[in-house]
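If you read the protein sequences in the order shown, they are chains A and B.
Going by numbering that gives the first Met the number 0, the residue at position 48 of the first sequence is 47; the numbering climbs one at a time, nothing skipped.
Going by numbering that gives the first Met the number 0, the residue at position 229 of the second sequence is 228; the numbering climbs one at a time, nothing skipped.
All the pointers check out, no bait thrown in.
Cβ pair distances, simulated, as ranges:
{"hint": "1", "chain 1": "A", "residue 1": "Thr45", "chain 2": "B", "residue 2": "Leu49", "range": "48 to 58 Å"}
{"hint": "2", "chain 1": "A", "residue 1": "Tyr50", "chain 2": "B", "residue 2": "Asp83", "range": "49 to 59 Å"}
{"hint": "3", "chain 1": "A", "residue 1": "Ile200", "chain 2": "B", "residue 2": "Ala69", "range": "22 to 32 Å"}
{"hint": "4", "chain 1": "A", "residue 1": "Ala49", "chain 2": "B", "residue 2": "Arg151", "range": "42 to 52 Å"}
Only part of the chain A face toward chain B is listed, based on derived beta-carbon distances under 8 Å:
{"hint": "5", "residue": "Val152"}
{"hint": "6", "residue": "Arg155"}
{"hint": "7", "residue": "Leu166"}
{"hint": "8", "residue": "Pro169"}
{"hint": "9", "residue": "Pro173"}
{"hint": "10", "residue": "Arg180"}
{"hint": "11", "residue": "Ser205"}
{"hint": "12", "residue": "Asp219"}
Reference excerpt, derived from the structure (chain B facing chain A, CB under 10 Å, subset only):
{"hint": "13", "residue": "Ala138"}
{"hint": "14", "residue": "Thr150"}
{"hint": "15", "residue": "Tyr159"}
Note that these hints are calculated values from the structure, not bench results.
Don't be surprised by glycine CBs; every beta carbon is placed ideally from N, CA and C.
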Amino acid sequence: MNALLAVLWKDLLTEWRSRDRAIAMLLFSMLMVVIFHFSLPGGATTATRAYAPGLLWVAYVFAALLGLGRSFAIELENDAIEGLARAPVDRGWVLLGKTIANLLILGFVQAVTACIFALVFEMNLMPIALELIGVVALGSLGLCSVGTFFAAVAVRTRLREVMLPLLALPFYTPVLIAAARATNSLFETGSVAFEPIQFLIVTDASYLIVSFILSDFVLDE
Amino acid sequence: MTHAVSNQEPTSTSPGISRALTITSAVLALSIAIWAYLVYSAPLDSVQGLIQKILYVHVPCWFAAYAGFAVTAVCGAFYLWKNDERFDRVAVAGAEVGVLFCTLGLVTGPIWAKGTWGHWWAWDPRLTVTLLLWFIYLAYLLLRSFTEGSTRTARFAAVYGIAGLAVIPLNYFAIQLFGGAAMHPNNLERGSLGTGMGWPFAAGVFTALLAMLHLVLLRVDLENKRIAANANAAEWDSDEGF
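Please model the entire structure based on the sequences and the hints provided.
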């Protein structure tokens with residue numbers, strides 16, 4: 000547990016000092032919102048709002064992949080990854096610490112992106128802000144848990160920037176389907192449907208447990 | 000294990016695999032002939048006509064594909080447990096052969112679908128999950144070719160192979176709960192095939208599974224030879240003083 004807090008603190012502090020990952024992710028997801036506007040017929044307005052939940056999650060997924068890839072790439076400098084792997088602690092906690100750090104950094108990016116998204120699609124997200132935060136947090140936990148796990152694998156391969164999306168995206172589909180469905184019901188009715196939330200909780204729990212158990216095999220010297 | 004095979008000639012096949020390959024080749028040749036005859040003489044479907052005969056190719060391909068992926072996941076788990084390289088050689092063989100049969104299934108499916116449903120593709124749960132499975136095991140093969148170091152490659156691949164099969168129920172439920180309507184029959188109930196269609200179907204499944212086994216054995220043999228050749232080359236290099 001102490002290892003989790005130590006890794007979480009280290010990752011957040013490193014990010015706070017450089018701020019490069021969060022800024023890159025933010026810029027990327029903002030650019031995606033702009034690109035969505037140009038790709039939709041008639042632009043991103045109230046008329047095309049039906050596409051908003053799906054597009055919002057596409058932006059989140061790609062921003063997440065961008066940030067997750069960096070989360071282990073920074074450990075390659077000075078062979079810091081060896082230190083992480085050799086630390087006399089359970090590697091599951093190390094991975095979980097990184098997962099939570101990624102979740103918090105992604106959360107910041109998602110919050111700003113949602114504001115821009117609301118402006119572009121002319122939506123008022125304030126009345127459903129709390130519910131939206133809950134849905135996004137549940138969906139992002141799924142993205143970050145399995146994403147951090149595969150980032151540890153991808154960082155040890157050639158072409159790691161390409162490898163991470165290829166490894167992670169098939170695992171993102173259940174999360175993406177349920178999260179987009181929950182967001183859709185939230186945007187349309189103002190309340191969250193129970194089924195997708197239940198599904199997200201099950202998916203998050205399975206991803207967290209499996210990545211914790213298999214962490215020894217992906218974090219190696 | 001590398002040391003155990005390093006003294007072998009790279010071109011020699013182990014006696015066990017050689018014997019198994021002889022048996023599977025003979026039975027496979029016979030089985031293909033019987034299957035082809037049964038498919039030819041099977042009655043035409045009263046609604047779909049000739050195109051229904053693709054069933055005898057399409058569904059057996061799925062049996063073989065899923066069997067190949069199951070081999071990969073099970074052997075991956077055994078590799079992680081026993082740390083024996085032989086399991087990894089079977090795992091990679093299973094994945095490659097599984098992807099081959101999965102591709103055949105994904106090609107034959109749309110041909111049948113266009114003829115009966117009127118669409119090349121539908122986002123039916125079974126179809127979508129299988130497409131994702133195809134992506135997963137292609138990523139598995141890419142992961143193997145992009146990872147350096149045989150132990151690490153085997154370990155990463157084993158983890159991904161197991162996770163790949165484990166994510167299938169999640170994807171299936173997600174699509175079933177929130178996705179499109181099912182187009183495939185829910186299950187193969189007894190008696191869902193018409194009179195005279197059971198035997199060609201059974202022969203197709205048997206032939207596809209046997210072909211899968213035969214190809215897995217060939218691929219394992221190839222992997223054994225590759226590893227033996229690499230070990231010999233390394234020994235030669237060290238003898239030369241490089």
